[in-house]
Amino acid sequence: MTRDDILSGDVLDEITLSLDELARACAIEPQWIVERIEAGVLCGSLEGEPSCWTFVSADLARVRQLVAIERDFDANPELAALVVDLIDEVRALRAQLKAAGLQA
Amino acid sequence: MEFRDYYQTLGVEKTATADEIKKAYRKLARKYHPDVSKEPDAEGRMKDLNEANAVLSDVEKRAAYDQLGKRYRAGQEFQPPPDWDAGFEFSGGGFSGADMGDSSDFFASLFGRAGRAGKAGGFRMQGEDHHAKVLIDLADTYRGAAREISLRAPWVDEQGHVAMREHTLKVQIPAGVKEGQHIRLAGQGGPGVGGAAAGDLYLEIHFRPDPRYRVDGRNVYETVPVTPWEAALGAAIETPTPSGAVTVQVPAGSQTGRKLRLKGRGIPGTPPGDLYLVLEVVLPPADTDAARQVYETMARELAFDPRRKMGA
Numbered sequence: 002m003t004r005d006d007i008l009s010g011d012v013l014d015e016i017t018l019s020l021d022e023l024a025r026a027c028a029i030e031p032q033w034i035v036e037r038i039e040a041g042v043l044c045g046s047l048e049g050e051p052s053c054w055t056f057v058s059a060d061l062a063r064v065r066q067l068v069a070i071e072r073d074f075d076a077n078p079e080l081a082a083l084v085v086d087l088i089d090e091v092r093a094l095r096a097q098l099k100a101a102g103l104q105a
Numbered sequence: 033m034e035f036r037d038y039y040q041t042l043g044v045e046k047t048a049t050a051d052e053i054k055k056a057y058r059k060l061a062r063k064y065h066p067d068v069s070k071e072p073d074a075e076g077r078m079k080d081l082n083e084a085n086a087v088l089s090d091v092e093k094r095a096a097y098d099q100l101g102k103r104y105r106a107g108q109e110f111q112p113p114p115d116w117d118a119g120f121e122f123s124g125g126g127f128s129g130a131d132m133g134d135s136s137d138f139f140a141s142l143f144g145r146a147g148r149a150g151k152a153g154g155f156r157m158q159g160e161d162h163h164a165k166v167l168i169d170l171a172d173t174y175r176g177a178a179r180e181i182s183l184r185a186p187w188v189d190e191q192g193h194v195a196m197r198e199h200t201l202k203v204q205i206p207a208g209v210k211e212g213q214h215i216r217l218a219g220q221g222g223p224g225v226g227g228a229a230a231g232d233l234y235l236e237i238h239f240r241p242d243p244r245y246r247v248d249g250r251n252v253y254e255t256v257p258v259t260p261w262e263a264a265l266g267a268a269i270e271t272p273t274p275s276g277a278v279t280v281q282v283p284a285g286s287q288t289g290r291k292l293r294l295k296g297r298g299i300p301g302t303p304p305g306d307l308y309l310v311l312e313v314v315l316p317p318a319d320t321d322a323a324r325q326v327y328e329t330m331a332r333e334l335a336f337d338p339r340r341k342m343g344a
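One line per chain: the protein sequences are A and Y, in this order. Every number in the working numbering is 1 more than the matching position in the first sequence, counting from 1. Every number in the working numbering is 32 more than the matching position in the second sequence, counting from 1.
Just to be clear, a hint being listed does not mean it is correct.
What the hints assert, rightly or not - One side of the interface only, derived from the structure: several residues of chain A facing chain Y at Cβ under 7 Å: (1) G10; (2) D11; (3) V57; (4) S58; (5) L61; (6) D73; (7) F74.
What the hints assert, rightly or not - Listed below are the simulated EDC-like cross-link pairs for lysine to aspartate or glutamate, each with C-alpha atoms no more than 20 Å apart in a straight line: (8) A/K99 with Y/E211; (9) A/K99 with Y/E270; (10) Y/K79 with A/D73; (11) A/K99 with Y/D337; (12) Y/K63 with A/E39.
As the list claims (entries may be wrong) - Where chain Y lies over chain A, by a calculated footprint (3+ residues, C-beta under 8 Å): (13) 33-44; (14) 48-55.
FYI, nobody ran anything at the bench for these hints, they're computed from the structure. Just so it is clear, CB atoms sit at the ideal spot from N, CA and C, and this is done for glycine as well.
Using the sequences provided together with the hints, build the complete structure.
What follows is the structure in structure tokens.
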């Protein structure tokens, strides 16, 4: 295939990621994700065995954020999750400010 | 390529202890974290910090870098001497492969994992997955669009040297993609080692800011200015939308803030989002005699007090 070809990809949410795919995308071990799920700081569609779990686009974004916060600040998983939750909250509030005509 | 002084990046002495390096990194990481920082180019600074920390927080990498650094100053033209790293073994920790696409030529040439692993014989490893953010126009998700994106990625030459190389991909952006959603391009990530498959490339989609539109999931909000007489009397007006111009009926008696919902004209999907036209009544300026007369006539003829309910 040449670089001039137009590439078509898969849109996440139309397809889902397996545990191994999510781990590879975030350059971490699958066990890292399993531990965060057990700690309650991450959730996907978690029925049955870990090999059956599926993850969506928002999970990929969240795991990458958690990995970065834990790595950059040596944060424990709960603290990293709290930071990511607060960042999400700030984004949502900024969007509301914008919607109200008050630029954040 | 220029020599990078990682000690300067972190603002520490060359004699800094591991603890001092960690402290300096965390302090700066907090300051420049792109999610919260108000500093200009926070994202770029954060990448530099991550890179400096990846080298200086790793004992082997730091030792090899220090030996090399004796002969160079920041900004000096630099080519890695052959076998500069002889006698050192890197554990590969501290800098995740997924972030390699963000690293400098300097870092890639010294610590690019693909080149290092490539020297080993009989070893197979799937390429790393890479990530990139892509800005598209809102209209692109309405119709779908082919977009060219430029990416920097580590590249291994025939001699096994690693350098950052810019390459361009033409990508089909499918209709209906949402803000923050990912597109996975199979096999477009880092090259595999020993004949193993290449990694994947994940594109994170973001909409280019457009003052005309606000996006909430699949719903799109567009502020539409109308004249006082269009709002008061009702009118069919034409307005541009992300999917092309439409003619809509402004109901009589409309005020600023009234939302007209155009069902299914938001971002495509199953079900598609809606487009909300948010009316904004704009007064013509009273800058001519004729305009002033019209306002004076209204003031005289209309018994209108918008502050009546305020008890004034």
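Now for the hints, and whether the structure bears them out:
Taking 7 Å as the C-beta cut-off, the interface hint given for A/G10 holds, the closest approach to chain Y being about 4 Å. Taking 7 Å as the C-beta contact cut-off toward chain Y, the hint placing A/D11 at the interface holds, the least distance being around 5 Å. Here the hint on A/V57 is broken, as its CB sits about 9 Å from the closest CB of chain Y, past 7 Å. The beta carbon of A/S58 is positioned within 7 Å of a beta carbon in chain Y (closest approach about 5 Å), and the interface hint is therefore held.
Nearest Cβ of chain Y to the Cβ of A/L61: about 6 Å, under the 7 Å cut. The hint holds. Using the Cβ-Cβ criterion of 7 Å, the hint placing A/D73 at the interface with chain Y is satisfied: the shortest such distance is roughly 5 Å. A cut of 7 Å between beta carbons decides the hint on A/F74: the least distance to chain Y is about 6 Å, and the hint holds. Pair hint A/K99 plus Y/E211 holds up; C-alpha atoms about 16 Å apart against a cutoff of 20 Å.
Taken as a hint, the A/K99 and Y/E270 pair is broken in the structure, with Cα atoms around 25 Å apart against an allowance of 20 Å. The hinted pair formed by Y/K79 and A/D73 meets the criterion: a straight-line CA distance of about 11 Å does not exceed 20 Å. For the proposed pair A/K99 and Y/D337, the alpha carbon gap of about 30 Å is over 20 Å, so the pair is violated. Between Y/K63 and A/E39 the alpha-carbon distance is near 31 Å, which puts this suggested pair outside the 20 Å criterion.
With 0 residues having a beta carbon nearer than 8 Å to a beta carbon of chain Y, the region 33-44 of chain A misses the requirement of three or more and the stated coverage is violated. Check result for the region 48-55 of chain A against chain Y: violated, 0 residues qualifying (beta carbon to beta carbon below 8 Å, three or more required).
The structure is inconsistent with the numbered hints 3, 9, 11, 12, 13 and 14, although it conforms to all the rest.
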